[in-house]
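Trainee: Sequence:
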Amino acid sequence: MSQDQDPAIAPGDGSEQPVTAAEMPKPAPRVQTITAGDVVDALGRGLADFRAAPLFGLFFGGVYAVGGMVIVLCAVALGIGYLSYPLAVGFALIGPFVAVGLYEVSRRREIGQELDWKGVLGVIVAQRKRELGWMAFVSLFILVVWMYQVRILIALFIGLRAPTTMTEFVSVVLGTPEGLTFLAVGHIIGAAMALVLFSLTVVSFPLLLEREIDFVTAMITSIKAVVANPLPMIGWAFVIMILLLVSIGAFFIGLFLTLPILGHTTWHLYRKLVAPEDPQPA
Numbered sequence: 165m166s167q168d169q170d171p172a173i174a175p176g177d178g179s180e181q182p183v184t185a186a187e188m189p190k191p192a193p194r195v196q197t198i199t200a201g202d203v204v205d206a207l208g209r210g211l212a213d214f215r216a217a218p219l220f221g222l223f224f225g226g227v228y229a230v231g232g233m234v235i236v237l238c239a240v241a242l243g244i245g246y247l248s249y250p251l252a253v254g255f256a257l258i259g260p261f262v263a264v265g266l267y268e269v270s271r272r273r274e275i276g277q278e279l280d281w282k283g284v285l286g287v288i289v290a291q292r293k294r295e296l297g298w299m300a301f302v303s304l305f306i307l308v309v310w311m312y313q314v315r316i317l318i319a320l321f322i323g324l325r326a327p328t329t330m331t332e333f334v335s336v337v338l339g340t341p342e343g344l345t346f347l348a349v350g351h352i353i354g355a356a357m358a359l360v361l362f363s364l365t366v367v368s369f370p371l372l373l374e375r376e377i378d379f380v381t382a383m384i385t386s387i388k389a390v391v392a393n394p395l396p397m398i399g400w401a402f403v404i405m406i407l408l409l410v411s412i413g414a415f416f417i418g419l420f421l422t423l424p425i426l427g428h429t430t431w432h433l434y435r436k437l438v439a440p441e442d443p444q445p446a
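The sequence shown begins at 165 in this note's numbering and counts up one residue at a time.
Since the hints were derived computationally from the structure, they do not count as laboratory data. Don't take each hint at face value.
[Unchecked claim] In silico DSSO-like cross-links for lysine-lysine, where the CA-CA straight-line distance does not exceed 30 Å:
| no. | residue 1 | residue 2 |
| --- | --- | --- |
| 1 | 282 | 388 |
| 2 | 282 | 293 |
| 3 | 436 | 190 |
This structure is a prediction, so every number in the text was calculated from the model and none was measured.
Input sequences plus hints: build the corresponding full structure.
Mentor: Here is the structure:
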């Protein structure tokens with residue numbers, strides 16, 4: 165035995181504590197490949213969930229819709245109504261977090277668990293102590309970055325013509341070459357940011373709701389799911405973008421129906437993308 169070695173922890177002396185199954189690191193979630201047909205099937209299951217529990221869907225969709233209305237009205241009241249459209253589009257980025265309650269409804273229906281307001285809302289409140297709260301921070305961070313880049317683009321392309329009202333903003337954006345360039349570049353950047361956030365969250369939110377893993381692993385799993393299934397996932401992202409833009413264009417009213425359908429569908433899509441958790445050894 166060397167002089168530097170502590171005899172109390174010398175190997176083979178029987179003093180090592182056995183590692184229990186609970187202490188062993190869990191394997192990373194396994195991503196599966198899907199087809200466009202799987203996305204359609206998930207959508208059908210999402211619609212079935214909404215029809216089976218419409219009050220939950222309308223409630224969470226209503227919270228999301230009213231939140232968007234309040235943000236836009238506050239912008240107008242503060243004299244920055246020209247930012248209403250960018251704010252409305254950016255607000256759509258936090259949809260996956262608002263839909264957590266809908267994931268829980270689908271999860272309970274899947275396992276035959278009773279649907280009650282106390283249980284569903286209680287799960288949402290409990291997320292403040294879990295990793296899912298960090299994913300909410302990620303969504304808010306992307307929203308802040310989105311608004312900053314909007315202001316930068318306004319300064320770059322519109323400059324001294326920067327409007328002070330929504331009417332002036334529409335006139336400048338649609339009636340000048342600089343405004344049209346701003347609109348095009350802004351939508352390209354916005355689409356890229358939305359795709360990044362979609363890749364980070366499409367699987368991570370439902371995964372963190374169901375399993376006790378860290379949010380970084382959840383985001384990595386979500387990215388892997390998109391990379392492994394580029395065509396069906398990008399197609400689904402495009403469908404989400406179109407539905408949300410149409411819903412927001414109707415002063416957020418469409419979100420009463422759009423959010424619950426998209427939320428329930430996301431849960432079932434997650435089930436197809438991530439393999440069931442392997443049972444832990446006793």
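Trainee: Does residue 282 pair with residue 293 here, judged by a C-alpha cut-off of 30 Å?
Mentor: Given that 30 Å is the threshold and the Cα spacing comes to 18 Å, the pair holds.
Trainee: Does residue 436 pair with residue 190 here, judged by a C-alpha cut-off of 30 Å?
Mentor: holds, 20 Å
Trainee: Given the hint that residue 282 pairs with residue 388, test it: the Cα-Cα distance must not exceed 30 Å.
Mentor: violated, 34 Å
Checked against the numbered hints given earlier, the structure breaks only hint 1 and satisfies all the rest.
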